[in-house]
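**Q** Okay, here's what each chain looks like letter by letter:
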Amino acid sequence: MAQRDPFSAGGGGSFPVLSEAADTGEARRVLVQVQDAFRKNDYERLAAFYHDDIDWIFHGPQSIFPEVGHRRGKTEVLKSLAALNALYRFEQYDTEQLIADNSAAASVANVHLVQRATGRIIQCKIASFHRVRDGKIIEYRGFTDSFDAAEQVRGREFPI
Amino acid sequence: MSEGGTRETVRALFDAYETRNFDRFAGLIHDDIDWVIHGPMAVFPFAGLRRGRPAVLQALAGMALTYSLESYVPDFVIVDSDRAAIMADVGLSQRATGRLLRFRVANFLRIEDGKLIEFREFADSFDQVEQALGRVVEL
Chain A
1 MAQRDPFSAG GGGSFPVLSE AADTGEARRV LVQVQDAFRK NDYERLAAFY
51 HDDIDWIFHG PQSIFPEVGH RRGKTEVLKS LAALNALYRF EQYDTEQLIA
101 DNSAAASVAN VHLVQRATGR IIQCKIASFH RVRDGKIIEY RGFTDSFDAA
151 EQVRGREFPI
Chain B
1 MSEGGTRETV RALFDAYETR NFDRFAGLIH DDIDWVIHGP MAVFPFAGLR
51 RGRPAVLQAL AGMALTYSLE SYVPDFVIVD SDRAAIMADV GLSQRATGRL
101 LRFRVANFLR IEDGKLIEFR EFADSFDQVE QALGRVVEL
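Residue numbers (this note's numbering), protein chains in the order written: chain A, 1 to 160; chain B, 1 to 139.
None of these hints come from the bench; they were simulated from the model. Backbone N, C-alpha and C define an ideal beta-carbon position, used for all residues, glycine too. Be aware that a few hints might be false.
Claimed, not checked - Restraint ranges, calculated between C-beta atoms of paired labels, are given here:
1. R154(A) / E8(B): 43 to 49 Å
2. S2(B) / E96(A): 21 to 27 Å
3. D53(A) / F103(B): 22 to 28 Å
Excised from the complex, chain A in its bound form (with noise of 0.2 Å):
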């Protein structure tokens, strides 16, 4: 089989093309819709755009953030997101850049966390991939520089 150009219009590689019918816009209209429902902590909502088969990786270390890792299935997603809701309160959810074709999206935003057991407020930039299918979220990539976001979970720099 000949490899995809991941160049060419539409993206591709080892990504699978999911969605054929997708209309144009409906990666950003739903990414959209989904950022304002995580700024305003409003998990239902938010939970109404993961399909049910997802497959969600955010990269990190587990080692401090056992949250994160890689998921498969909503509910799989929608626990992460509780556990992580349990020790953090989203404070800040500014999206920096939203770039997205027929059936893709990406963004970076400025976050802001506070740590519910100390108060003290992590600060970082999460950059995302999402590729949406039928309106949902079937698909999701998380970036962030995981080692300064370690540090101010931890409070202090780490000897390296």
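For chain A, the structure is supplied; the task is to place chain B on it using the hints.
**A** Just chain B, lined up with the frame of chain A:
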């Protein structure tokens, strides 16, 4: 800028990067570039904010002194007007030890006048640090 123009510039940038064609890559960097690789400068001195083409080229030269690029495989590319977002699997070889670092990166680019004017890179920097040091970080 059109999406087609953005896509072609992005493709040219990553072709030049992947083939280690430094001069061609340098020619696609805007004089007024705003560049950030998010990560700890104590471990990766080439990370952090760089403004202007000379500063970016200096950072890249610094990276090349300590690491050689083994692979850069993009598998998710979104182009939207003058911006692009890319996810890729990267392999870097640490020259001093021969250690191979493997990680996934998220790159966000903005193109102006056919050149890269804004660049942001994100990765699981905690994992990158442990791979670079060859040991776990003491918590």
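**Q** Please go over all the hints and tell whether each is borne out by the structure.
**A** Results of checking the hints against the structure:
no.: 1; hint: R154(A) / E8(B): 43 to 49 Å; verdict: holds, 45 Å
no.: 2; hint: S2(B) / E96(A): 21 to 27 Å; verdict: holds, 23 Å
no.: 3; hint: D53(A) / F103(B): 22 to 28 Å; verdict: holds, 26 Å
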